[in-house]
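Trainee: Now for the letters of each chain:
There are 4 protein chains.
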Amino acid sequence: MTHKLTARTAAQKKSLTNRLKRLEGQIRGLEKMIEDDVYCNDILQQSMSAASAIDGFNQELLGYHMKGCVTEGIKNGDEEIVDELLKTVRKLMK
Amino acid sequence: MTHKLTARTAAQKKSLTNRLKRLEGQIRGLEKMIEDDVYCNDILQQSMSAASAIDGFNQELLGYHMKGCVTEGIKNGDEEIVDELLKTVRKLMK
Amino acid sequence: MTHKLTARTAAQKKSLTNRLKRLEGQIRGLEKMIEDDVYCNDILQQSMSAASAIDGFNQELLGYHMKGCVTEGIKNGDEEIVDELLKTVRKLMK
Amino acid sequence: MTHKLTARTAAQKKSLTNRLKRLEGQIRGLEKMIEDDVYCNDILQQSMSAASAIDGFNQELLGYHMKGCVTEGIKNGDEEIVDELLKTVRKLMK
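Protein chains in written order, with my numbering: chain U, 1 to 94; chain G, 1 to 94; chain Z, 1 to 94; chain B, 1 to 94.
So here's chain U without its partners, still in its complex pose (with noise of 0.2 Å):
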């Protein structure tokens, strides 16, 4: 964690909000089929939704980053930023 800041603009904060408001409620739909013994097979087709999800939510706060911090950084000399950038990328790719 470094401790920086990024201000995201209202619309932002409530679409990326949003997406993990509905993740919340897809993996409390996921514990109570744990709990009812349903098929396994129907357990794995809403737990990769869940995957989705996050990789939804993933690729919007990438294009943020990507658009915001990450142009405006080597738009002033940081290049650093690229190197950072490069590391999450090939997390994602993963």
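FYI, nobody ran anything at the bench for these hints, they're computed from the structure. A portion of the hints provided could be inaccurate.
Said to hold, decoys possible - Computed cross-link-like contacts, DMTMM-like style, restricted to lysine to aspartate or glutamate with a CA-CA straight-line distance of at most 20 Å:
| id | chain 1 | residue 1 | chain 2 | residue 2 |
| --- | --- | --- | --- | --- |
| 1 | B | K94 | Z | D42 |
| 2 | Z | K13 | B | D37 |
| 3 | G | K21 | U | E35 |
| 4 | G | K32 | U | D55 |
| 5 | Z | K32 | B | D55 |
| 6 | G | K75 | Z | E72 |
| 7 | B | K91 | Z | D42 |
| 8 | B | K32 | Z | E24 |
| 9 | B | K21 | Z | E24 |
| 10 | Z | K75 | G | E79 |
| 11 | G | K13 | U | E31 |
Here the structure is a predicted model, which means the values were calculated and not measured.
For this one, chain U is given, so just place chains G, Z and B on it according to the hints.
Mentor: The following block gives chains G, Z and B in isolation, referenced to the frame of chain U:
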């Protein structure tokens, strides 16, 4: 949804449920980070960790499914369960 | 390597071999692009297409494996083949 | 295809080309394995290794792209290159 059920041991249910509880905590942590305007790249580390947690859940559940439902199904002559598994595995590979 | 063999139909072998031949052509195309100083993003489109081609090969082969070797193995009481499959699927999920 | 060119150092070209040559050898090895009726799971280990080799190539090339073309582009006021990169990274995440 098939409305089929899968009997799981108490230990299996506890292990899967614990994974989901931890994941729920991670998602709530992400919501707080968005609220607090935390730096994008720091949030991405946490959300990639949540994505890994879902993968871990999927792998554990898939293991129970293959060693339980699928193995029993094949022994009982249910060939459709192999097609169903293959379809799910192909989605998991993406 | 186990030195075990798998009997495949002529059609299966032809289909898998054709995928590999096309892939070999894609790789040679990539070598030419590097030689010709083609723009990075254009090369990445071609290399992502080669990565998809390998995924397609893996999915086809995995299908034959699960419907053939694994189904037969389970029917003949070979439980180890399920562990082996699970290990491979977990690697494919990454 | 954009018909744009990217100047790469001799060392970069050599490193990328060597990766592709090794990959070509792996693909030909896979063709031989199919021809020789090698056990499915053994072939899958080799094809997953080929998939990792393409990932390695993609990561190396993406690094050159981000530190070269993208950084220069942003400095020169080309904002489109960020959209192009984001689109490619989203495909690489799949």
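Trainee: Does each hint hold? Answer for all of them.
Mentor: Hints versus structure:
| no. | hint | result |
| --- | --- | --- |
| 1 | K94(B) - D42(Z) | holds (18 Å) |
| 2 | K13(Z) - D37(B) | holds (9 Å) |
| 3 | K21(G) - E35(U) | holds (13 Å) |
| 4 | K32(G) - D55(U) | holds (19 Å) |
| 5 | K32(Z) - D55(B) | holds (19 Å) |
| 6 | K75(G) - E72(Z) | holds (10 Å) |
| 7 | K91(B) - D42(Z) | holds (13 Å) |
| 8 | K32(B) - E24(Z) | holds (13 Å) |
| 9 | K21(B) - E24(Z) | holds (10 Å) |
| 10 | K75(Z) - E79(G) | holds (11 Å) |
| 11 | K13(G) - E31(U) | holds (9 Å) |
The structure is consistent with each of the numbered hints, conforming to all of them.
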